[in-house]
Amino acid sequence: MSLSPLVDNPDSLEVAESVLKYKTKMLKMRTITPGFMQLAEQYLPHLMILDYRLGDGNGGELYREIKTNAQLNNIPIMLFSADSKALLEL
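Just so we're aligned: 48 in UniProt numbering is position 48 of the sequence shown, and the numbers increase by one with no gaps anywhere.
These aren't lab readings, by the way, just hints derived from the structure by calculation. On a predicted model such as this, the values are computed, not experimentally measured, just so you know. Just so it is clear, CB atoms sit at the ideal spot from N, CA and C, and this is done for glycine as well.
Derived DEER-like restraints, expressed as beta-carbon distance ranges:
{"no.": "1", "residue 1": "M37", "residue 2": "E17", "range": "19 to 27 Å"}
{"no.": "2", "residue 1": "K67", "residue 2": "G35", "range": "15 to 23 Å"}
{"no.": "3", "residue 1": "P34", "residue 2": "L79", "range": "14 to 22 Å"}
{"no.": "4", "residue 1": "P76", "residue 2": "G35", "range": "15 to 23 Å"}
{"no.": "5", "residue 1": "K67", "residue 2": "Q42", "range": "16 to 24 Å"}
Go ahead and model the full structure; you've got the sequences and the hints to work with.
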């Protein structure tokens, strides 16, 4: 399985990478939004994991962008956030 998480916090990225690498053959991590769509189109992961509250963007908006992309719209996406207030924005 290949995964493509987008996490903006370096500490969270390190934890996610450690956990996900344990059972994942291919893992492409990003900490910034620019370039994510191009990476996803090139890599075509089996699952995308997006942080809802990004320092340089919004995971919800990126989710909508992915779902309107014909090449990516069939890839499952998991949104998460360490900020409990993010749920109120969904």
